[in-house]
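Quick note, the sequences are listed as chains W and P, same order.
Take the first sequence: its letter number 23 is residue 23 in this note's numbering, and every next letter is one higher.
Take the second sequence: its letter number 587 is residue 587 in this note's numbering, and every next letter is one higher.
These are calculated hints, taken from the structure and not from any lab test.
For each residue, glycine too, the CB sits at the ideal point set by N, CA and C.
Be careful, since some hints might not be right.
As the list claims (entries may be wrong) - Per label pair, the in silico range of CB-to-CB distance:
{"#": "1", "chain 1": "P", "residue 1": "274", "chain 2": "W", "residue 2": "16", "range": "21 to 27 Å"}
{"#": "2", "chain 1": "P", "residue 1": "559", "chain 2": "W", "residue 2": "42", "range": "18 to 24 Å"}
{"#": "3", "chain 1": "P", "residue 1": "274", "chain 2": "W", "residue 2": "2", "range": "23 to 29 Å"}
{"#": "4", "chain 1": "P", "residue 1": "228", "chain 2": "W", "residue 2": "45", "range": "25 to 31 Å"}
{"#": "5", "chain 1": "P", "residue 1": "546", "chain 2": "W", "residue 2": "47", "range": "41 to 47 Å"}
{"#": "6", "chain 1": "P", "residue 1": "410", "chain 2": "W", "residue 2": "30", "range": "48 to 54 Å"}
{"#": "7", "chain 1": "P", "residue 1": "17", "chain 2": "W", "residue 2": "45", "range": "34 to 40 Å"}
As the list claims (entries may be wrong) - Calculated from the model, a selection of chain P residues having no Cβ within reach of chain W, i.e. all distances over 12 Å:
{"#": "8", "residue": "128"}
{"#": "9", "residue": "241"}
{"#": "10", "residue": "281"}
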Amino acid sequence: MRIELALFASLRRFLPTGEAGHERTIDLPDGTTVGQVIATLGLPDEPRVVFVNGRHAPDDFVLHDGDRLAVFPPVAGG
Amino acid sequence: MKKIVRIDMSDLSVKTEPLPEKWARYGGRALTDAIVFSEVPPSADPLGPENKLVFAPGILGGTTAPNGGRLSAGAKSPLTGGIKESNSGGQAAHALAKLGIAALVIEGAPADKDARYLIKIAPDGSVEIKRVDEWAGAGNYAVADGIKQTMGDVKRYATISIGPAGEMGMKMAGIAVSDPDGYPNRFLGRGGLGAVMGSKGVKAIVLVDEGLPTIEHADRDAFNAAVKKFAAALREHAVTGQGLPTYGTNVLANIINEAGGYPTRNFSSGRFELVENISGERQREVTLERGGNVKHGCHTGCVIQCSRYWVDKDGTYITKGPEYESMWSLGADCGIGDIDDVAALDRACGDIGIDTIETGVMLGVYMDSGRLAFGDGKGALRLLEEEVRKGTDLGRVLGDGAEATGTAFGVKRIPVVKHQGLPAYDPRPIQGIGVTYATSPMGADHTAGYSITANVLNVGGTVDPLKPDGQAELSKGLQIATGMLDSMGLCIFVAFAVLDIPEAFDAIFEMATAHTGQTWDADALMELGKETLAMERLYNEAVGFKPEDDRLPRFFYEEKLPPHDAVFSVSDADLDSVFDFVPETAAKMGISKPGA
Ligand code: SF4
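Extracted from the complex, chain W is given alone in its bound form:
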C-alpha cells in the first residue's frame, strides 16, 4: 500500500531523503501500524501528536492505502 507521510517542525529532518519539503509518498507492507512507521523513521522518543486523515491516531492504528499520516512534535501557540 501507499501512504502520504508528512513531518512537521523539528521532525522534518527525519523524512526519508531525496526531495525537499515536508511530505513524501511511501510504500508500506499491508497492515503497517502508525507505531511501526514512527519506529522505522527513527523519530525521537518524546511526546508527539499524530494524525491520520486529520484525526488523532494511536500508535497501534493500522494504516490503509491512501491514508495521510502527519506527525508533529509538541507544539502550541495562539
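Fit chain P with the ligand to the known structure of chain W by using the hints.
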C-alpha cells in the same frame, strides 16, 4: 503603597488615591473588571464620557516573575457592547508597576473633539498632559518616533498609543504598546479599545521608569525560589521550552490545518491549500535567510520568547511576527498565501491601529460579498490604506469590523459572537474552542479559554475535538484559569507548562504569596479567576446579554465544514452550564449588579 491614578480628560485633572483595601488582592484583568464593574454604568455610551479606560499591570507586574509583565486594559467595549479586558505584552505593565501604579484610569472626555493629548508620567509620579494636535491622523510608528524625539537622553520608557482608526472611533481599533526595542507592535487589539482611547482625546501615553529601583517583595528569598521553580518548568516543557521559542506562535498553522480546523476563505473550508507558504516553519526559514530576529520576549522577563521580527528582502524591519492569529486572519481567511503580502497587511494594521483578527475576519467577509477576490493581497492592502486609514465612507464601514461589513454588504456567513470576529480555529472540527467563543464574556475570543490544548495539541489531557463530550467542562476550567493568569499578569502561554507540570502551578501562588505578603494557595488562585468572570458576566447581564447571546452563528450548526464535514454540536444546555458557578461566587463577593 500601590495607587490608582485617575486622569479626567474633561478638565485635565489628575487624582491619585491608594488602591482600596477591597481590591488589594486584585491586579490586571480582575482590577480592570472591578473598576469598570463599579464605575461604568452598563448603559454608558462606550465612546462617551461615562466610559473609563483602565490600564493595569498584573499582581506580579514589575517583578522578575517569568512572563509576568502582561498588561490588561479594560472598558465597556464599543464592539461587543459588553465589558472588555484586552491583554498585551510590551513594556508598559512593568513600567506602571514600577511607578507604583496598580491602575491608570482615563475618564471623561474633552469638549474639543479636535484636541489630541500626550500624557506623560515621570519617574517621580508627576503627570504632564500636553496637546499634540499636530499628531492627529498619525500612524503608531510615526507617534513612536515623535515620542522618541521628545525624550532626549531618556532611554527607559514605554509607550501606549493609537493610530488614526482609534481617533475615528472605529470599532476594530486597538491600542499599541511598545516592545523592549521601542517598536509599537504589541497590541491591546480586541474589542475596539483604541476607539475608547480616541474618544478621550488621548493619542499616546508615555510611562517613564528610568532610574526606578527594583520592586520590593514581602519575602525576597521565597520569591526568588519560586521564580526559579517556575522558570525551570517553562524551560522543561517541550512547548514552552522548544516549540514556541523556535517557531513562534505560527507553528500552529500546520497542525490546525491538519486537524481540518484552519478557517479558510471566510470559514468555508477547514484546510488551506497554501498553508505551507504562510506556516511557522516557512516563516522561520525566510526570517533567518533575511537576517531577521527569530526569538525574543515581548517584554523584559519573558522566559519563553515566542516573539520575532519580520523583515523585508533588504533586511528592514516591517512588523513583529506576524503571529499565528494574524497570519491566519490576513492570510488563510482571505485566501492569501503570499507571506510578504500578509506581513504588509500586518504592518498596515499595526500602523493604522486596528486589530489584526477583526481586520482579517472583516476582509474575509468583504471578499465573500464578491467585491474583492479571495487571495487578492494587494487589493486588501489598498482597502486598509486608502479606505480605512483615510476614513472614507467605505473605510468607516470596514473599520467597524466583520459584522458591520457583512451586514452592509449582505453576506450570509458572518463569523462573530457578541459582535466580535472569530479567531483562527473553526469551532466545528474543534468543538471545545466553540464553547469558549460562545460563552466568553469577551465575545469570540480564543485566549479566554484555550481549549485547543486538549482538543488538538494533547496538552493538559485529550478530548475528541469532533465530539461535544466534555467540552463545556474543559472550557469552563480554562476560562477560570485564564481569568487568574490575566490577573496575575502572566502570559497565558505559561499554561501549556502549568497544565502538565504541577510544580509550575504551585510556583504561581508561591510567587504571589512571597511578593505580596498575602496568603495565596491553589484555591485562592481559582477563586480569583472565578471572581473575575463573575464580574464580567454580571456586567454583561446588566447590559442586556441573554443566554441566546452565548451561541455561535447559525451557520456553524448547519453548514458542514470540509474536510470532516463537521457541524457544531455542543448543546445549549452544555453552553449554559459553563457559568453555573457565578451565582455562588457573586454571593461570596457580595455583589449582584454593577455599581459601587
Ligand atoms: S511567550 Fe510570547 S507572548 Fe508570552 S510573554 Fe513571551 S514573547 Fe510575549
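Okay, the hints, checked on the actual structure:
no. : hint                       : in the structure
1   : 274(P) - 16(W): 21 to 27 Å : holds, 25 Å
2   : 559(P) - 42(W): 18 to 24 Å : violated, 43 Å
3   : 274(P) - 2(W): 23 to 29 Å  : holds, 25 Å
4   : 228(P) - 45(W): 25 to 31 Å : holds, 28 Å
5   : 546(P) - 47(W): 41 to 47 Å : holds, 42 Å
6   : 410(P) - 30(W): 48 to 54 Å : holds, 53 Å
7   : 17(P) - 45(W): 34 to 40 Å  : violated, 58 Å
8   : 128                        : holds, 38 Å
9   : 241                        : violated, 9 Å
10  : 281                        : violated, 6 Å
Hints 2, 7, 9, 10, counting from the list given before, are not met by this structure.
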